[in-house]
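Residue strings, one per chain:
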Amino acid sequence: MSERTEKRTQVADVDRSLYDFTYSEEGYERYEDGLTPDIVRAISEKKDEPQWMLEMRLAALDTYHAKEMAPNWGPSIAGLDMDHISTYVSPRTKQAKSWDDVPDDIKNTFERLGIPEAERESLAGVGAQYDSEIVYHNMREEVAKDGVVYTTIEDALHDPQWEPVVHEYFGTLIPPADHKFAALHYAVWSGGSFVYVPAGVTVEYPLQSYFRLNAEGAGQFEHTLIIVEEGADLHFIEGCSAPKYYEANLHAGAVELFVKDGARLRYSTIENWSKNMYNLNTKRARVGADAKMEWVSGSFGSHVSYLYPTTILQGARSSCEFSGITFAGATQDLDTGCKVILNGPHTTASVDTKSISKDGGCNTFRSSVVIGRRAEGARATVSCQSLMLDDISRSDTIPAMDVRNATASVGHEATIGRISDDTVLYLMSRGCTEAEARTMVVGGFANPVSKELPLEYAVEMNNLIKLEMEGAIG
Amino acid sequence: MAESTNGAQQDARPTGRMTLERVNTPPAQTWNYLRANDITLTVPVHSRKGDVYFALPRLFEGVECGMGQAVTTWAESQAKDAHYVEVKAGEKRDEPIVAQEDTGVMVRAGAEATIVICTPAGAPTQDTTAALVRIIAERESRVHVLEFVCGGSEQRLDSVGIIAAEDARIDVRQFFLGAGTTAAGLAVALDGNRARLELTCRYLGREQDILDINHVVRQRGRNTRCDVRESGVLDGHAKKSLRATIDLVHGSSGSEGAELENVLILSDDVTNKTMPVILCDEDDVAGNHGASIGSVGPEQIQYLRDRGLSVQEAEELYVRALFDEALICAPTPQSRAAVLARATDVLGSEVANDLVEGLGLGDAEEV
Chain A
1 MSERTEKRTQ
11 VADVDRSLYD
21 FTYSEEGYER
31 YEDGLTPDIV
41 RAISEKKDEP
51 QWMLEMRLAA
61 LDTYHAKEMA
71 PNWGPSIAGL
81 DMDHISTYVS
91 PRTKQAKSWD
101 DVPDDIKNTF
111 ERLGIPEAER
121 ESLAGVGAQY
131 DSEIVYHNMR
141 EEVAKDGVVY
151 TTIEDALHDP
161 QWEPVVHEYF
171 GTLIPPADHK
181 FAALHYAVWS
191 GGSFVYVPAG
201 VTVEYPLQSY
211 FRLNAEGAGQ
221 FEHTLIIVEE
231 GADLHFIEGC
241 SAPKYYEANL
251 HAGAVELFVK
261 DGARLRYSTI
271 ENWSKNMYNL
281 NTKRARVGAD
291 AKMEWVSGSF
301 GSHVSYLYPT
311 TILQGARSSC
321 EFSGITFAGA
331 TQDLDTGCKV
341 ILNGPHTTAS
351 VDTKSISKDG
361 GCNTFRSSVV
371 IGRRAEGARA
381 TVSCQSLMLD
391 DISRSDTIPA
401 MDVRNATASV
411 GHEATIGRIS
421 DDTVLYLMSR
431 GCTEAEARTM
441 VVGGFANPVS
451 KELPLEYAVE
461 MNNLIKLEME
471 GAIG
Chain B
1 MAESTNGAQQ
11 DARPTGRMTL
21 ERVNTPPAQT
31 WNYLRANDIT
41 LTVPVHSRKG
51 DVYFALPRLF
61 EGVECGMGQA
71 VTTWAESQAK
81 DAHYVEVKAG
91 EKRDEPIVAQ
101 EDTGVMVRAG
111 AEATIVICTP
121 AGAPTQDTTA
131 ALVRIIAERE
141 SRVHVLEFVC
151 GGSEQRLDSV
161 GIIAAEDARI
171 DVRQFFLGAG
181 TTAAGLAVAL
191 DGNRARLELT
201 CRYLGREQDI
211 LDINHVVRQR
221 GRNTRCDVRE
231 SGVLDGHAKK
241 SLRATIDLVH
251 GSSGSEGAEL
261 ENVLILSDDV
271 TNKTMPVILC
281 DEDDVAGNHG
291 ASIGSVGPEQ
301 IQYLRDRGLS
311 VQEAEELYVR
321 ALFDEALICA
331 PTPQSRAAVL
341 ARATDVLGSE
351 VANDLVEGLG
361 LGDAEEV
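Top to bottom, those sequences are chains A and B. The opening position of the first sequence corresponds to residue 1 in this note's numbering, with each subsequent residue numbered one higher. The opening position of the second sequence corresponds to residue 1 in this note's numbering, with each subsequent residue numbered one higher.
Since the hints were derived computationally from the structure, they do not count as laboratory data. Heads up, none of these hints are tricks.
Subject to a maximum C-alpha distance of 25 angstroms in a straight line, what follows is the list of computed DMTMM-like cross-link-like pairs (lysine to aspartate or glutamate): (1) A:Lys-292 <-> A:Asp-146; (2) B:Lys-49 <-> B:Glu-61; (3) A:Lys-67 <-> B:Glu-21; (4) A:Lys-466 <-> B:Asp-281.
As the structure is a prediction and not an experimental result, all values here were calculated from the model.
Full structure from sequences and hints, please.
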């Protein structure tokens, strides 16, 4: 298959050649655009699913049609027409455990994105999804020997040992009725990961899933289900990218994370969808007693994003840290943030977010901190800093706090501003160009988030910032 | 028109009820399931058939009020007449302007005026009272707004809108101390270059009180400044929602906006919702907000215990401080009487007398 580098529909932009390349869909299995019960049944049949899953899909489809988007908040998704989105596109290939068994075009894609190299050097396991299906999945033997399971949801559903576990957890943390696009997800989900870490096991190296959406006018609806048992420890990394088209693409994944008593889970995301993508993703974690949930989130891509990872601190003394950065450039309207619900006594939450707006991009930081009546001594702090790089961009901060316990304590602070002329002048007087000076300041601004990532991913994030900053100084 | 025992006028016209939805809605909203975006109110509706209503000059229709258009329309439909006051250019008016149900105040260039919005004193004698106050502050004017909600009705609606021109200085002090339901909205448009706002809001929620506050500051002029400070005490089953929005509009370069709320929660049955919002459509600006929500810390309690105060006495000090400040700021006999009546209700007559004596106001009954 040859690269379609000259395809007219691809948009010329700043040099994003690392991400903006496509391969022909010739020979791929692609379901017709739109949403019908027949399409939902076809996806389920294709996966040879248990009856309960088909019933869940069909009920979710009804919920999707019945639910409305809230009219009073959030960016417009008027450009998203489900009648022009294919919910299932599959390269006709079987899931491989060796990169040598992956078709050349797909292998080339992931090699250009550096996934096999990262796997060799610093990961305990990798899953790679191409459009609607996982095409590669592998995990180090020593990790498997500890009883860690890292597979696809589809494979787990066909395993008599894990099917009951999936049945027990799937869709319980994010119910299909949660919102319109959660319902859509459950109707047409495909791909994603199932991870199980037994009690007391520490996975030394991170696991990573990478999601690539190659098809034009298609949706990706992967489901990630992670169970970290008592006292276990895991770092999971999620990456995603897509080439840019004029036609709308949709990502409506779901991530359900169960962090049991005394466990720790770090969930890192570098999201770099193309700027024709509607990213309507839902992530949620439930955290047991003395357990810890850590989110590290970098959002760079998408045309429109609705993304608010949610943490439910259910167990006593459980804690959550959220570090996030969002970079909104031209044509982007990114509504991101997080939600924390503190239900257990002496729970703690710390939220630290940064956002950068340039070239007319719109950033909205939206958060909620809810402290329940039984959350004695709960503590939460939220810090949100926004940087405006020009006078045609926009940055809004919309936090909400709901406190129902007298012994709880909540602190919130937010600032919005620009890079001061004095700072730029200082750096220029020491030999930097204005562009370099501004890029340095933005890099420093993002540093508290990038330092939370493994080195390779921090480098990728810094490269993304440099890429976004190209042409920012006119 | 009948006169109530506390001097408030009772309306004898035929009365129905209507529901006002999406009241106190901020410019930018959040998830609806949090139920923090607005409040729904049921209000009385008096027939206006056969009445002639003397409205404010049309100019005031352009003043955005904090509670929203539905409340403005309802308040205009219920007021006996609109009340227009003009403070002439350069005039420093010493006598406070007491706002009525529908009041418009034009403060001309270089003038200075104090406007008082106050509920009737004493126990609730009416179902609902309301004030709709619109103020236009011309260039270099100074406007002081003092707002006291201290009971007098089961439900109180205060909707205020202010437009500030070049170099106008606005300071607003709000005291929401009343029982029952208080819904208050304030919208200030800093339209002129270098216009300034200082807003201080103090509130108390006890028992089954409902307190719903919406602050909106639109910074449109260049080099405008706004400083918003809210603080309050919540006890019993009180439910409070505060929405505070600083809107740095495109073109407001050099402007700075700051907002800070401190909430003291004294009971586990309290519901406190806070939504501090910054909207920024300009790069050469600075906006910041902060919120601190919690109870009296163990170290602070210990400090006070060491000086012979129980926890209850220490908590009462915070409440007393609210009334103390309100009394200091109350410029009219009516506002002093309203604050004092509420202080007597909350803290007892002995403490109320202490407050009066401490301020050198003579005897509580005289006040």
